[in-house]
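Enquirer: Okay, here's what each chain looks like letter by letter:
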Amino acid sequence: MSAPHDLPRWADVGLIPLINLLAALVVSGIVVAFIGENPIEAMMVMIKGAFVYKGSLGYTLYYATNFIFTGLAVAVAFHAMLFNIGGEGQAYLGGLGAGLVCLMFDSVLPAIVLLPLAIIAAAGLGAVWGAVPGYLQAKRGSHIVITTIMFNFLGASIMVWLLAGALKAPGQMSPETRVFSDNATLPFIHEIANAIGWEVARSPLNLSFVVALLACVGVWVLIWRSRLGYAIRATGHSAKAAEYAGISVSRVLIITMAISGGLAGMMAINEILGVQHRIVLNFTSGYGFTGIAVALMGRNHPVGIILASLLFGALYQGGAELDFEFSTITREMVLLIQGLIILFSGGLAYMFNKPLARLLAMILRGKRQTEAQHG
Amino acid sequence: MVDLWLQFLLTLDATCRVATPLILCAMAGIFSEKSGVIDISLEGKMLMSAFAAATVASLTSSALAGLIVAIGISVLLGLLHGLASVTLRGNQVISGLAINILASGLTVTVGIAIFQQGGQTPTLERDERFRPVELPLAEQIGNFPVVGTIYKEVISGHNILVWTAFATVIVTAIVLTKTRFGLRLRAVGEKPEALDSAGVSVAKTRYFALIIAGVLCGIAGAYLSTAHGSGFVREMTAGKGYIALAAMIFGKWQPRGALLACLLFGFLEAVASRLQGVQLPLIGAAPVDLILALPYLLTVILLAGFVGKAMPPRAIGEPYIKER
Numbered sequence: 001m002s003a004p005h006d007l008p009r010w011a012d013v014g015l016i017p018l019i020n021l022l023a024a025l026v027v028s029g030i031v032v033a034f035i036g037e038n039p040i041e042a043m044m045v046m047i048k049g050a051f052v053y054k055g056s057l058g059y060t061l062y063y064a065t066n067f068i069f070t071g072l073a074v075a076v077a078f079h080a081m082l083f084n085i086g087g088e089g090q091a092y093l094g095g096l097g098a099g100l101v102c103l104m105f106d107s108v109l110p111a112i113v114l115l116p117l118a119i120i121a122a123a124g125l126g127a128v129w130g131a132v133p134g135y136l137q138a139k140r141g142s143h144i145v146i147t148t149i150m151f152n153f154l155g156a157s158i159m160v161w162l163l164a165g166a167l168k169a170p171g172q173m174s175p176e177t178r179v180f181s182d183n184a185t186l187p188f189i190h191e192i193a194n195a196i197g198w199e200v201a202r203s204p205l206n207l208s209f210v211v212a213l214l215a216c217v218g219v220w221v222l223i224w225r226s227r228l229g230y231a232i233r234a235t236g237h238s239a240k241a242a243e244y245a246g247i248s249v250s251r252v253l254i255i256t257m258a259i260s261g262g263l264a265g266m267m268a269i270n271e272i273l274g275v276q277h278r279i280v281l282n283f284t285s286g287y288g289f290t291g292i293a294v295a296l297m298g299r300n301h302p303v304g305i306i307l308a309s310l311l312f313g314a315l316y317q318g319g320a321e322l323d324f325e326f327s328t329i330t331r332e333m334v335l336l337i338q339g340l341i342i343l344f345s346g347g348l349a350y351m352f353n354k355p356l357a358r359l360l361a362m363i364l365r366g367k368r369q370t371e372a373q374h375g
Numbered sequence: 001m002v003d004l005w006l007q008f009l010l011t012l013d014a015t016c017r018v019a020t021p022l023i024l025c026a027m028a029g030i031f032s033e034k035s036g037v038i039d040i041s042l043e044g045k046m047l048m049s050a051f052a053a054a055t056v057a058s059l060t061s062s063a064l065a066g067l068i069v070a071i072g073i074s075v076l077l078g079l080l081h082g083l084a085s086v087t088l089r090g091n092q093v094i095s096g097l098a099i100n101i102l103a104s105g106l107t108v109t110v111g112i113a114i115f116q117q118g119g120q121t122p123t124l125e126r127d128e129r130f131r132p133v134e135l136p137l138a139e140q141i142g143n144f145p146v147v148g149t150i151y152k153e154v155i156s157g158h159n160i161l162v163w164t165a166f167a168t169v170i171v172t173a174i175v176l177t178k179t180r181f182g183l184r185l186r187a188v189g190e191k192p193e194a195l196d197s198a199g200v201s202v203a204k205t206r207y208f209a210l211i212i213a214g215v216l217c218g219i220a221g222a223y224l225s226t227a228h229g230s231g232f233v234r235e236m237t238a239g240k241g242y243i244a245l246a247a248m249i250f251g252k253w254q255p256r257g258a259l260l261a262c263l264l265f266g267f268l269e270a271v272a273s274r275l276q277g278v279q280l281p282l283i284g285a286a287p288v289d290l291i292l293a294l295p296y297l298l299t300v301i302l303l304a305g306f307v308g309k310a311m312p313p314r315a316i317g318e319p320y321i322k323e324r
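Heads up: the sequence lines are chains L and Z, in that order. Per the working numbering, the very first residue in the first sequence carries number 1; after that it's consecutive. Per the working numbering, the very first residue in the second sequence carries number 1; after that it's consecutive.
Treat the hints loosely; a few may be bogus.
In silico contact screen, one side only, chain L against chain Z (beta carbon under 7 Å); selected entries [stated by the list, open to error]:
1. Val145
2. Thr147
3. Ile342
4. Leu343
5. Gly347
Straight-line Cα separation of at most 27 Å, DSS-like style, residue types lysine-lysine; simulated pairs [what the hints assert, rightly or not]:
6. Z:Lys204 with Z:Lys252
7. Z:Lys191 with L:Lys139
8. Z:Lys204 with Z:Lys178
9. L:Lys240 with Z:Lys322
10. Z:Lys204 with L:Lys354
11. Z:Lys191 with L:Lys240
12. L:Lys240 with L:Lys139
13. Z:Lys252 with L:Lys139
It should be emphasised that the hints constitute simulated quantities derived from the structure, not laboratory data. Note that the structure is a prediction, hence the values are computed from the model and not measured. Glycine included, every Cβ here is placed at the ideal spot set by N, Cα and C.
So that you can see chain L by itself, here it is in the shape it has in the complex (with noise of 0.2 Å):
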């Protein structure tokens, strides 16, 4: 994914994706010029949504905090050189997990044991539902891009079946389950800033995004400081030297796929054991696909998917202002914006490399020169 052209790598993990984001903002605007609106007056409507307005902070570190998870998911993958797009199928089986959980013991646990459990259920089936693709590329060969695709929309048909058959809230109509009680559900952070005397304003922002920063941590800890981490590393960058070294390729590529689709999976508890609390159809609404654009402009790197994650969650939140501000455009821009940055940042990668490396070495060169010249 990376191997730049000789760019240092402040430049290549600093520069780059902000020339990227550049990018794919001038195009957008672009667009939104074509369409006959005027693109600063939709970008400030945007970042206004995002940050300004009251609770909107709220919404876009919510927003984050599935991409947080996703962006994880995909990150560690990749750090394995497999493309899991499965993340998307993963979240949606987390949810299953979770919402299974919650509907079975909720009415008998108290909230400090089902919360956990449904947790660790969540990323448990997520971890299922990315390690059987894992499996089918170790062993069996199967291309894991295909696989995961396919289990994309396995995934969504087995969800379909359950929540419009057997899991279907008894005398509904729509293809969900029942609410669950209080105690399987995650606090709001107004709540718990409220009640300890601290005004915030209302946002379904949960304790989710407590579990989405400790992940973080989690996967630094994973990736960089741990033997697996540097099996996956190694498997990533040569698995034929890696396997001669005496790491079994196979089964570091299934536990990563594990690894990283039960990242997916906890993203559930965002939607399912944080706001919604119930099971719904579509609850991961490309939240999945969003994390590949989050890991490619993250670097792969927790701290810049954090910052992706804010960025991308900014985008979410203002775009639905969007929608409310201008009758042309609605919350699709965000999709075209996510689509150019995945574009600028992965498919035309080595676009802007070339150009900045060139330029970056003439800068030098120049200093040098200058430098020569007084010494």
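Following the hints, put chain Z in place on chain L, whose structure we already have.
Expert: Same frame as chain L, but now just chain Z:
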């Protein structure tokens, strides 16, 4: 008995209609992937061209104009994919995915700007669509048992794009196996350095393959919005591009196999839509959602090598770096 026969024939008829976009996209996928470029952007190309076809057809009152613009747009997206994955040697999967997401966003955004109908195009009139063509004598020999009914119910009454799709399969098979271009195309996906040392441009061959894929996806998109349907609806491809991708793999990257897979997957969809809400003996309500999931499941099983083995082209997904 007669009624059941008719039901069966109508399902086959629906199969042809449902399978048409799958066939076109699967052939597009074969061209692209045989040349060594992974193409998960079939979905996005089809969605964009479905939108372009309906928009232009609605504005110009000409289905043909819609088709031409649809093909143009789809080819442009193919070239973008080429720029990313051939020229700039970026990640082909990411580039394809970007095109799909881009298409989702762009169709709705531009659609609202032009028509103000929440991302849809207005419903197309008769002349703005590709109409079904009744074959000669369909009514007269339609009463003949077996052969006559098959002729009338299954073979006759399709629009020109359905025929185009089936013809495309034959053309694809001939181009791949009988022409110099086809040989080069397959070589570039298996062993690009061999082609390079023979003095043939790897990049040009791959670009050409992507252009052909673009044309085919463009026809598929136009079919969805101006022949099968009567207007564009947001997200109207609904994963068909991915099913076509699955069918291509299921058919082991061969035109004939992919055609059969498309027909099988199309048949499953046709059966599922017929069984919607039907009570079956022993099972109860027909498990429509599970029937619809079968294509994905079958593809996973096949790809894992549990039944036969699907081998992708050898150099697929790898950008070619010319030796210096």
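Enquirer: Would the hint linking Z:Lys191 and L:Lys240 be met if the CA-CA limit is 27 Å?
Expert: Given that 27 Å is the threshold and the Cα spacing comes to 21 Å, the pair holds.
Enquirer: Sort out whether Z:Lys252 lies within 27 Å of Z:Lys204, counting only the CA atoms.
Expert: holds, 25 Å
Enquirer: Just to be careful: measuring from the Cβ of L:Val145 to every Cβ in chain Z, is the smallest value less than 7 Å?
Expert: Since the shortest Cβ distance to chain Z is 5 Å, the answer is holds.
Enquirer: Closer than 7 Å between Cβ atoms is the bar; does L:Thr147 clear it against chain Z? Give me holds or violated.
Expert: Where the cut-off is 7 Å and the nearest Cβ of chain Z is about 6 Å from L:Thr147, the hint holds.
Enquirer: Under the criterion of a CB-CB separation shorter than 7 Å, is L:Leu343 in contact with chain Z as hinted?
Expert: At 4 Å from the nearest chain Z Cβ, L:Leu343 passes the 7 Å test, so the hint holds.
Enquirer: Mind checking the alpha carbons of Z:Lys204 and Z:Lys178 for me, to see if they're no more than 27 Å apart?
Expert: holds, 20 Å
Enquirer: For the hint on L:Gly347, does the least C-beta distance to chain Z fall short of 7 Å?
Expert: holds, 3 Å
Enquirer: Within a Cα-Cα threshold of 27 Å, do Z:Lys191 and L:Lys139 meet the stated pairing?
Expert: holds, 25 Å
Enquirer: So if I understand the rule, the pair passes when the alpha-carbon distance is 27 Å or less; does Z:Lys252 with L:Lys139 pass?
Expert: holds, 20 Å
Enquirer: Double-check L:Ile342 for me: the hint is only fine if its C-beta lies closer than 7 Å to a C-beta in chain Z.
Expert: holds, 4 Å
Enquirer: Quickly compare the C-alpha distance for L:Lys240 and Z:Lys322 to 27 Å and report which way the hint goes.
Expert: holds, 24 Å
Enquirer: Take a quick look at whether L:Lys240 and L:Lys139 sit within 27 Å of each other, Cα to Cα.
Expert: holds, 15 Å
The structure fails none of the hints (numbered hints given earlier).
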